[in-house]
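Protein chains in written order, with full-length UniProt numbering: chain A, 1 to 245; chain B, 1 to 664.
Just so you know, the hints here were simulated from the structure itself, not pulled from any lab data. Note that the structure is a prediction, hence the values are computed from the model and not measured. Careful, some of the hints might be misleading.
Unchecked claim - Straight line, CA to CA, 27 angstroms or less: simulated BS3-like cross-link-like pairs of lysine-lysine:
1. 114(A) x 69(A)
2. 434(B) x 86(A)
3. 81(A) x 436(B)
4. 434(B) x 201(A)
5. 104(A) x 86(A)
6. 229(A) x 215(A)
7. 549(B) x 563(B)
8. 436(B) x 179(A)
9. 436(B) x 215(A)
10. 436(B) x 229(A)
11. 434(B) x 179(A)
12. 436(B) x 130(A)
13. 434(B) x 130(A)
14. 81(A) x 434(B)
15. 22(B) x 42(B)
16. 229(A) x 434(B)
17. 201(A) x 229(A)
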Amino acid sequence: MENINQTEPRSDFVTKPKRKAAKRKEYHADNLNKNQASSMEVSEETAVTLPAFPPVKREKLDSAVEIRKIAVPAHRYSPLKENWMKLFTPIVEHLHLQIRFNLKNRQVEIRTCKDTKDIANVQKAADFVKAFICGFEVEDALALIRLDDLFVDSFEIKDVKSSLKGDHLNRAIGRLAGKGGRTKFTIENVTKTRIVLADQKIHILGSYQNIQIAKRAICNLILGSPPSKVYGNLRAVASRSSDRF
Amino acid sequence: MAAHSESLVDRVLNEFTAVTTKPESFLSVQTATNTKFKTITKDLYNFVNQNFTLQGLTRSLPELYIDGFDEEQIWQQLELHNEPCFNILVKNVAKLLSGNDKKLTFYKVEVQADEAEEEEENVKENEQDKDSVASDLSFELPADSDNDESGHDDDSDLDETDDLKFDEYKMLDEEREERPKKNKEQSMGKIRKTEVDDEFFKVGEMEKFLEKEEAEKPSVNDDDAESIDYFEDVLSDDEENDTAIRAKYKDFFRGSIPAGDRKSTSNHDGEDLEEDKDDDEEIEDEEQDDDDAEPREKRVKFDLNGSESEESGSESSIRNLTKSDVKSSYEQRQERLKAKIQELEDEAVAPKPWQLMGETKAELRPDNALLEEDLFFDHTTRQAPVITEETTKTLEEIIRQRIKDQAFDDVERKIKPVYDPTEYKKKLVLDQEKSKYSLAEIYEQEFLKQQEIQKLEAKSSSLADAANDEPSDDQNRAALRKRMANVFAKLDALCNFNYTPRAAEPDIKIVSNMPSIVMEEIAPVTVSDANLLAPQEVQDPTRGVLKGKTEKEKTDLLRERRKKKSAQRVRHKERERTEKAVDKANPGLGNKHAKARVLQNLQKAEKEGTVSLIKENRMKAPKSSTAFFRQLQEDVSASVDAVRQSKQKSSLKNKRTSGSQFKL
Numbered sequence: 001m002e003n004i005n006q007t008e009p010r011s012d013f014v015t016k017p018k019r020k021a022a023k024r025k026e027y028h029a030d031n032l033n034k035n036q037a038s039s040m041e042v043s044e045e046t047a048v049t050l051p052a053f054p055p056v057k058r059e060k061l062d063s064a065v066e067i068r069k070i071a072v073p074a075h076r077y078s079p080l081k082e083n084w085m086k087l088f089t090p091i092v093e094h095l096h097l098q099i100r101f102n103l104k105n106r107q108v109e110i111r112t113c114k115d116t117k118d119i120a121n122v123q124k125a126a127d128f129v130k131a132f133i134c135g136f137e138v139e140d141a142l143a144l145i146r147l148d149d150l151f152v153d154s155f156e157i158k159d160v161k162s163s164l165k166g167d168h169l170n171r172a173i174g175r176l177a178g179k180g181g182r183t184k185f186t187i188e189n190v191t192k193t194r195i196v197l198a199d200q201k202i203h204i205l206g207s208y209q210n211i212q213i214a215k216r217a218i219c220n221l222i223l224g225s226p227p228s229k230v231y232g233n234l235r236a237v238a239s240r241s242s243d244r245f
Numbered sequence: 001m002a003a004h005s006e007s008l009v010d011r012v013l014n015e016f017t018a019v020t021t022k023p024e025s026f027l028s029v030q031t032a033t034n035t036k037f038k039t040i041t042k043d044l045y046n047f048v049n050q051n052f053t054l055q056g057l058t059r060s061l062p063e064l065y066i067d068g069f070d071e072e073q074i075w076q077q078l079e080l081h082n083e084p085c086f087n088i089l090v091k092n093v094a095k096l097l098s099g100n101d102k103k104l105t106f107y108k109v110e111v112q113a114d115e116a117e118e119e120e121e122n123v124k125e126n127e128q129d130k131d132s133v134a135s136d137l138s139f140e141l142p143a144d145s146d147n148d149e150s151g152h153d154d155d156s157d158l159d160e161t162d163d164l165k166f167d168e169y170k171m172l173d174e175e176r177e178e179r180p181k182k183n184k185e186q187s188m189g190k191i192r193k194t195e196v197d198d199e200f201f202k203v204g205e206m207e208k209f210l211e212k213e214e215a216e217k218p219s220v221n222d223d224d225a226e227s228i229d230y231f232e233d234v235l236s237d238d239e240e241n242d243t244a245i246r247a248k249y250k251d252f253f254r255g256s257i258p259a260g261d262r263k264s265t266s267n268h269d270g271e272d273l274e275e276d277k278d279d280d281e282e283i284e285d286e287e288q289d290d291d292d293a294e295p296r297e298k299r300v301k302f303d304l305n306g307s308e309s310e311e312s313g314s315e316s317s318i319r320n321l322t323k324s325d326v327k328s329s330y331e332q333r334q335e336r337l338k339a340k341i342q343e344l345e346d347e348a349v350a351p352k353p354w355q356l357m358g359e360t361k362a363e364l365r366p367d368n369a370l371l372e373e374d375l376f377f378d379h380t381t382r383q384a385p386v387i388t389e390e391t392t393k394t395l396e397e398i399i400r401q402r403i404k405d406q407a408f409d410d411v412e413r414k415i416k417p418v419y420d421p422t423e424y425k426k427k428l429v430l431d432q433e434k435s436k437y438s439l440a441e442i443y444e445q446e447f448l449k450q451q452e453i454q455k456l457e458a459k460s461s462s463l464a465d466a467a468n469d470e471p472s473d474d475q476n477r478a479a480l481r482k483r484m485a486n487v488f489a490k491l492d493a494l495c496n497f498n499y500t501p502r503a504a505e506p507d508i509k510i511v512s513n514m515p516s517i518v519m520e521e522i523a524p525v526t527v528s529d530a531n532l533l534a535p536q537e538v539q540d541p542t543r544g545v546l547k548g549k550t551e552k553e554k555t556d557l558l559r560e561r562r563k564k565k566s567a568q569r570v571r572h573k574e575r576e577r578t579e580k581a582v583d584k585a586n587p588g589l590g591n592k593h594a595k596a597r598v599l600q601n602l603q604k605a606e607k608e609g610t611v612s613l614i615k616e617n618r619m620k621a622p623k624s625s626t627a628f629f630r631q632l633q634e635d636v637s638a639s640v641d642a643v644r645q646s647k648q649k650s651s652l653k654n655k656r657t658s659g660s661q662f663k664l
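All chains, full assembly: derive it from the sequences and hints.
Laid out in structure tokens, this is it:
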């Protein structure tokens, strides 16, 4: 690869360091020219542009700072604002990380610092924030920081049964929720998990075993079993799992 | 005197009635009537005392004193008079009744006089009633007893009361015939009054009638003793003698039955009685009398109206007899038979009464006839219990007893027993509400619970605490316990662990993970050569050709010899080495190898002859005194020698081998 950073040597003029966006465009253009030059018989493939990943700067490679960035969708913007302190406090105090919300990008950024004792905390914090962004409450997501073994599992209703469309789909969602959210709460209470029903997406937070149990129950509901039957199976499985622990 | 008494009595009566018309006035004290009563009694008393004095009354007062006297005192005065009076009167009456010579009959000749006397008697009786009630009752007893006595004395064989009475009357009759007519009170028309008289029966009347009958003396003897009336009810043995059962109203009273029937029935009964009487053997003297008297008695009819109808009746009967319309016994029997036949025929022919007609409607029955009938049918329903006082009493008793015993019939709550333990499992409640705790909190609670359990386990496993319930939060206590444990451990060590139990050593148990059949089975399950040792494991493989004993050559033999010798040498060297090492550690005769070596040398020496061992005779007890003393001397000398030797320390001098040196 050509070194783009190397400017062409000119006598008097000192090249101004280019802005990133400009650099990227240049890079693109260069690539295109190159491709065109190399192979004339180019098909429509060349129309598909490759993603532009400029090579990483050395400083960034050398530095020991870990950064995580989590994008925030619009509908979670105001809840984030409301719960910012609650999010902020455990990350900074307990995990000793640096956190900021990039307003321009609408991204939450987490970074290690000198005080950070464990580098794994970054990932924990990132998971924590991501769980909040998915839709879980701060207290529930906090469990991710405190316990190692908790995960968040997300899937769509279409993954389970793709033939559901329109009203059937709506009914399936309704079945999942139950009247006043009863069914969802029942599953949550029995399996010690937290479930977020975001229209067609389903997120489950909990330990691995419990996620599996909850997932099975939810899938059965999507596939059409009545809630009473699902409860029965849940009860049997839950009692067994509780005995085990 | 009579008139005077009469007027007095009238006056007294009038006054009495006047005072007692309104008994309700006596609710309050009436002093006026009180004085009236007193005056009345005083008058009566005075009158009686003056006119009817009895012999023997000495203590009674001449007159009743009422002025200034209390009621009690007046009563006492009266009692003073009455008590002896009563006794005397009783005695008199008894005398009169019992006396056989005297005749005690009242005749109704002079009505007025009699009435007066009656009145007197009545007055006396009343007076006595007024004064003392008890005397009236007891008055009757002697009379009854007298009558009975008279009856009993004469005829003791017959027990029946009726028969008794008849005999009594008969006896009285006889007596009357025998005794002469005595005093003024006797008269033909007067009917004697006795105490047994009542509405239906009067002794006097009966006697009168008997007399009349006797006078007539009908010659007709109705029946032979042997005739048997076929229509008569056959009496059982028990009832034969009891004529009271067969006695009927008709036998005694006229008026309800027409004359013809009466006679027939009376004849019936008369026969029966005759038969009964014939059975008695003891009374043969009186049989004739009986035969005469009883049919007549049975034909006795006591008239309530008066004596006139009796007289007329008797006259009419006399007239009938004289007309010689007297039928023979056969005729009479036939008549009776015919009457009965007629009766029966009428009955048979007549329409049956409604009771025997089967199903009868109300129209066929008279009104309310069923109410009088005793119907017989099954009650299908249970009768309601009749609640009487007794039933309520018993119920209340039961209730009271139950309350005392506290034995109530309370309903006990029934609990369904749980047989299946899985039923408990099903009770896992599905909480349908949003959980109050967040996920983090739930896990936190679980974690804390587990910690507590672990803590409990840790506490329970510690042996230092006697009471595990003590809070172990106290750090001072923990430190103290630690130091105590330290001290105790040191003490135990000092006593060589005599007072401590043995430390629990872990038992090492080798468990081979094989099927138990292999371990438990005695007989070998499978017999195979695989378990056996291979020949090369038993013995090293011999190199070269195997040769038998006779086949071996000299070289072979020598080779074997050399092998053997080399092996021996190796062994010996090993042994020497170990012995040397041991000798270094325990020099002298401290180790067993050295000892063994020495013994071996000794034995060798003995064999060669350089050493002679003393035979141990010390164990044997010396049998004789010389032997004993010899031994003793030897011991002493040996010990002395030993001591001297040790003192002198001259080993060179004592190179002489003596037996004492070799004493082991």
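Against the structure, the hints:
With a C-alpha separation of about 19 angstroms, the suggested pairing of residue 114(A) with residue 69(A) holds against the 27 angstroms cut-off. Using a Cα cut-off of 27 angstroms, the hinted pair residue 434(B) and residue 86(A) holds, with the two alpha carbons roughly 21 angstroms apart. At most 27 angstroms may separate the alpha-carbon atoms for a hinted pair to count; residue 81(A) and residue 436(B) meet this at roughly 24 angstroms. Taking the CA atoms of residue 434(B) and residue 201(A), the gap is about 20 angstroms. The hint holds against a cut of 27 angstroms.
Of the pairs offered as hints, the one joining residue 104(A) and residue 86(A) holds, with about 22 angstroms between alpha carbons and a cut-off of 27 angstroms not exceeded. For the suggested pair residue 229(A) and residue 215(A), the alpha carbons sit about 15 angstroms apart, so the restraint of at most 27 angstroms is met. Straight-line distance between C-alpha atoms of residue 549(B) and residue 563(B) comes to about 16 angstroms, which keeps the hinted pair within the 27 angstroms bound. The suggested pairing of residue 436(B) with residue 179(A) holds, with an alpha-carbon distance near 19 angstroms, which does not exceed 27 angstroms.
About 22 angstroms separates the Cα atoms of residue 436(B) and residue 215(A), which keeps this hinted pair within 27 angstroms; it holds. Taking the CA atoms of residue 436(B) and residue 229(A), the gap is near 25 angstroms; set against the 27 angstroms cutoff, the hint holds. Restraint check: the Cα-Cα separation between residue 434(B) and residue 179(A) comes to about 12 angstroms, which is no more than 27 angstroms; the hinted pair holds. The hinted pair formed by residue 436(B) and residue 130(A) meets the criterion: a straight-line CA distance of about 23 angstroms does not exceed 27 angstroms.
Restraint check for residue 434(B) and residue 130(A): the C-alpha separation of about 22 angstroms stays at or below 27 angstroms, so the hint holds. Of the supplied pair hints, the one linking residue 81(A) and residue 434(B) holds, its CA atoms being roughly 24 angstroms apart against a limit of 27 angstroms. This hinted pair checks out: residue 22(B) and residue 42(B) have alpha carbons roughly 23 angstroms apart, not beyond 27 angstroms. About 20 angstroms separates the Cα atoms of residue 229(A) and residue 434(B), which keeps this hinted pair within 27 angstroms; it holds.
For the suggested pair residue 201(A) and residue 229(A), the alpha carbons sit about 23 angstroms apart, so the restraint of at most 27 angstroms is met.
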